[in-house]
Structure formats: structure tokens, C-alpha cells
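Starting from two chains that each stand alone, build the complex the way the hints lay out.
First to last, the protein sequences are chains A and B. Take 1 as the starting number for the first sequence in the numbering used here and just add one per residue. Take 1 as the starting number for the second sequence in the numbering used here and just add one per residue.
No lab work stands behind these hints: they were computed from the structure. If you're wondering where the values come from, they're calculated on a predicted model, not measured in any experiment. A portion of the hints provided could be inaccurate.
[To be verified] Lysine-lysine pairs mimicking DSBU-like chemistry, simulated, CA-CA at most 30 Å apart: (1) A:Lys17 <-> B:Lys69; (2) B:Lys96 <-> A:Lys151; (3) A:Lys17 <-> B:Lys96; (4) B:Lys126 <-> B:Lys171.
[What the hints assert, rightly or not] A few chain A residues that face chain B, going by a derived Cβ cut-off under 10 Å, partial list only: (5) Ser2; (6) Lys4; (7) Ala5; (8) Leu8; (9) Glu9; (10) Ile29; (11) Glu30; (12) Arg32; (13) Leu33; (14) Gln154; (15) Gln155.
Virtual Cβ for every residue (Gly too), placed ideally from N, Cα, C.
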Amino acid sequence: MSDKAKQLEQMVNALPKEIEPANSQWSDIEHRLTPQQQRLSPQFALAAVLVLGLAIGYLMRPLGLTEPNAELIATIEAIELQHQAQVASLTEGHHLVDLRDNHYQPIFNDGIEQLRAAAKELYNNLTLNPTDKQLWQMWLWTQKREIELLKQMQQLPKNTVKMEI
Amino acid sequence: MTASLPITALSTPNESQIVASAKEGDKHAFKQLYELHHRHMYALCLRLCGDSQLAEEALQDAFVRAWQKLSLFDGKSQFGTWLHRLTVNQALSTLKKHRSFWARFIPIEEQFEPLSKEIQHENLDKLLLRLPERTRIVFVLFSIEGYQHDEIAKLLNIAVGTSKAQYHRAKALLQELI
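Next comes chain B alone, as it looks inside the complex (with noise of 0.2 Å):
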């Protein structure tokens, strides 16, 4: 995987004490973590989820996740890269979650639809909300977060060419949109 990494990450020489010390249970250490890297989680989150409660919900999900599953994190990869790493899978989980409790309690065509008004960002995360949205997931996962065609693929559960043609779709699309 090639996602880029937060500035603040990449500048922090410490973090791998402060993980450590989150490691062994220190809340302070862990929201220190939380206070470096947030905000691209949460674009991340914000971007694949399409709304921005959501997207506030995957957060919460992730670094929780992120909390449980520490003592997992064995220090060869950048903290930023494995927790990208889970924040993606928490955010897909969010979107699925969501789905199904809807579809349990209100007829598929009342089902909630994210709403770009509320999306304050301009340029072209205004027009990824208009894409579908597992077209969306593939472009900001291939075309914003670096990750590859057979990676994307596994995380979705679909063929590596379902994804590169999703991720082509979501090309004409936006330039259809621009």
C-alpha cells in the first residue's frame, strides 16, 4: 500500500515512544496518537463514507478499534500506514453496518442517501459525492490513497477488474462532471 502519510506524522520522531507508551495502556500517550493523525483519518472516513455523520462514526470506530487491537501493531510498518489501514476497514464496515440496519426498518427507497449540502468541501469532493458509491470507494482508494487494483479488490470483495473498471467508470464520471 502507497497511501501517503500525514506531514505531522512523517515530522513526529517520538511517535514510536508514544505508541509504545499507548501500548501499555496509557490513554494520554494514545490521544496524543489521535491528535497526529485524526484529521486524515478523517478525510479518509469522509471520503469513502460520502457524509459527514458517518464519516464522525468510522472515526470513533476506528480509533477505538485502533485502541483494542495496539498490542497487534509490531512496529515494522509506520503507526500512520497500519492505522490507514484500519480506519479503511472501519469505514467500510461502518458503510455496510448502515445499509443493512437501514434496509431492516425502512423500504429500500426511503433509505438514507448522503446529502452533499451538508458536505462543506469544494472542487472535487463536492463532485465525489455524486459518484456511486462503490465507484466512489475505488477512486479515493485507488486515486487519492494510492492503494492498488488487487488490494482494493480484496478489501471489497470483488475482481481485480471489477475495480479497475469501477475505478475508470468514476473517471468518465467526474470528467463528465468538471
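Excised from the complex, chain A in its bound form (with noise of 0.2 Å):
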């Protein structure tokens, strides 16, 4: 074994098996204990329920076909609604995201931003073409990503150092 290895092979035997975090990562972890739905009011529950199986409803049958798009579009903008209540609950309700000193959070707000205005684009659209599958899609999607990203943003470490890129 040459000199180096058997310096390494001390290196290795000399580390530390243990290491202080250096913020306490218990008061963020109890916090998380709780399962989200837990904490999520029932009603806000129930009305998510009715208003995804009324969205479901419209999207599992023939669009366009039977239902004037009057009626489309009034699904579109409760859906629109009760996306905008969920972010609000995530957004406000906690008081977490608008907190948080981290570093990650420019990145997230411009993702979160990316969202909106992609999503704000295809709603237009798709008040003009209810019955178009595709726009449905990436409008739904667009929501759901921007509700991944808040809560994503929720369980980030707090009162971390801010890093230079």
C-alpha cells in the first residue's frame, strides 16, 4: 500500500461519525409530523371534492356535442376559482411562503410566475375554444404544478444562508 493510500485509509478512520446540523432541524420536522390533510379545513376538502368530480364530469364526455359552451365556460371559471381559493389557503393560510429567507426562493417565485402566465394565456384560449382537450390538459396542468410548487416551497429548510449563484 503506497504512502497516500495509507493516508486516506487514516483520513476515512479519522472522520467524524457524527456532525451538528447548524440550525436545529427538530421544531421543522415536528411540524411536518401533521399529516397536510390534517390541516386542511373540511369544508375547503369538500369543496375541492365537488368542484374536480363537476370538472370530471365535463371532460369524460363528448365536449362540444351536447352542452352549449356557455356551460363549459362557467366550469372553467369555478375551476379557475377554486385554484385560485387553494392557492390563497397555501399562500396565506400557513403565512410560510412570503417568509421564508432562502435562497431557493427567487427560482421558485419565477417558476410560480412562468406558471401563472402560461396558465393565464390558456385560460383566454380555452374561454374562446371551450371544448379543446389539449388546452384543457395544459391548463390543469399549469394549476396543478403551481400548487406542487407552493407546497414544494413550504418544506424548504427555513433561515437558510443565501448563496451566491
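This is how it looks when you write it as C-alpha cells:
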């Protein structure tokens, strides 16, 4: 075994088995031990299920053949309102997103802004073409991604140091 | 898996009782388990992730997952061994999640790289940060945490030979850096 190989072996053996994190992680962990479903109000969950059911009902039938577009547009508006309510619940209810001093936040915010811009454009197009299945899929996907990103933001570690990229 | 356990875990005679309480939903008991093991798990996460912020995220995710999966712990192995494996999986998952997240929003050349200046540890820990990610992970698991190459190959979804090659590459690179 060469000198450097021996030295490396010694360095491995000398490594500390335990390292204390700079910030205590227990409070964040404890907060997350309660399932998020339990933190949402039952009324909110019920409303979500009703609107989702309505949306699926419309999507499963042959679009534009039997129902006037006005009803589809009303559904689109209802889904949009429901989505906005969910976003408000995530951003205002927990007071987490804007309060976090985290270097990832600008990246998340950029991503969310891009999604919202795309969703707005899709929404406008969808109200003009409410039977376009591809528009429906893309629009619902942007909403889903926005909710996922907001949830990811809430799971970021708190009090992180700003990092130069 | 022959991963070493923290001294604190080995010297705690009633850990099984604490685990039993935690399995019944006692958060205070689970906090005791956290106090016993979090330093070792953080060291593991830090070396696998190569970044303190990612390591903190992985540590949080690992303990949350441990709480959720605690009912599946059958007591046949030590709790520390079970938690160790769960933490390795979680740290790898956290790394993967961040790679895919950044890839969605930022050009590849601008994606996050671990910052060695953030890490205050000396000696080998500093050198580990200079290894390519996959090479570092294999070295940490094999040389520091005591995993076998077949176990590493399963974890990383690579061939056993690839794991061995990465390990030898890590050793060669580290010896150059010493």
C-alpha cells in the first residue's frame, strides 16, 4: 500500500461519525409530522372534491356536442376560482411562503410566475375554445404544478443562508 | 449492511421502549430518537449531498418519513440500522429531486453546484466535495458507511462493476488531492 493510500485510510478512520447541523431541524420536522390533510379545513376539502368531480364529469363526456359552450365556460371559471382559493389557502393560511428567507425562493417565484403567465394565456384561449381537450389538459397541468411548487416552497428549510450562484 | 452505528444508540438500553412509544404516536418519544440519531444521520446526509442546505432538507425528509413508516419497523434489526438505510434512500432521493427541479427552470450550465466554502469541516470532508457526485456517493457509502458494492449498485441502480469502478476512481482522485 502506498503512503498516500495509507494516509487516505487514516483520514477515513479519523472522520467524525456525527456532525451537528448548524440549525436545529426538530421544529420543522415536528411541524411536518402532522399530515397536511389534517391541517386543511373539511369545508375546503369538500369544495375541492365537488369542483373536481364537476370538472371530470364535463371532461369525460363528448365535449361540445350536446352542451352549449356557456356551461363549459362556467365550469372553467368555477375551476379557476377553486384554484385561486387553493393558492390563497397555501400562501395566506400558513404564512410561510413570503416569510422564508431562502435562496431558493427567487427561483421558485420565477417558476411560479412563468406557470401563472402560461395558465393565464391558456385560460383566455380556453374560454374562446372550451372544447379543446389539449388546452384543458395543459391548463389543468399548470394549476397542478403551481400547487406542487407552492407546497415544495413550504417544505424548504427555514433560515438558510443566502448563497451566491 | 455493515454501517457503523452512533455510540449513543449502542449505549442506550431502552431504545426499543422509546421506539415502541413512538410507534404508538408519541411524538416526545420520537423526539428522543431524533436526539439520539440526528447527528449521525446529518453527517451521512452532508457527505452524500455535499451541501449543508440539501443535507438539512434530506435530514428533515428522512425523519418525517421514518415517522410515517415507523409501523413497518419490526425490531429485527437495530433502529439505527433501519433509520440509516432509510436516510440513505432519502438523501439520494433529495439529490435527485433537486437535480430534476433545477433542470426545469435553469439552463444546465447555471445549475446548482455544491459550494465547498460553505462546509467548515476539515480534511477528508473537504476533499470529498471535490469529487463528482456519483463518485462521492459511492465512496461515502462503501468506505465510510460500510456498504457492500452490491448494495450500492442496488441503491443507485447501477452495475456492481460500475460501483467498484467509481470507488477506485474516488480513491485515485482523493490520493491525488492529498
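Numbers of the earlier hints that this structure fails to satisfy, in rising order: 14
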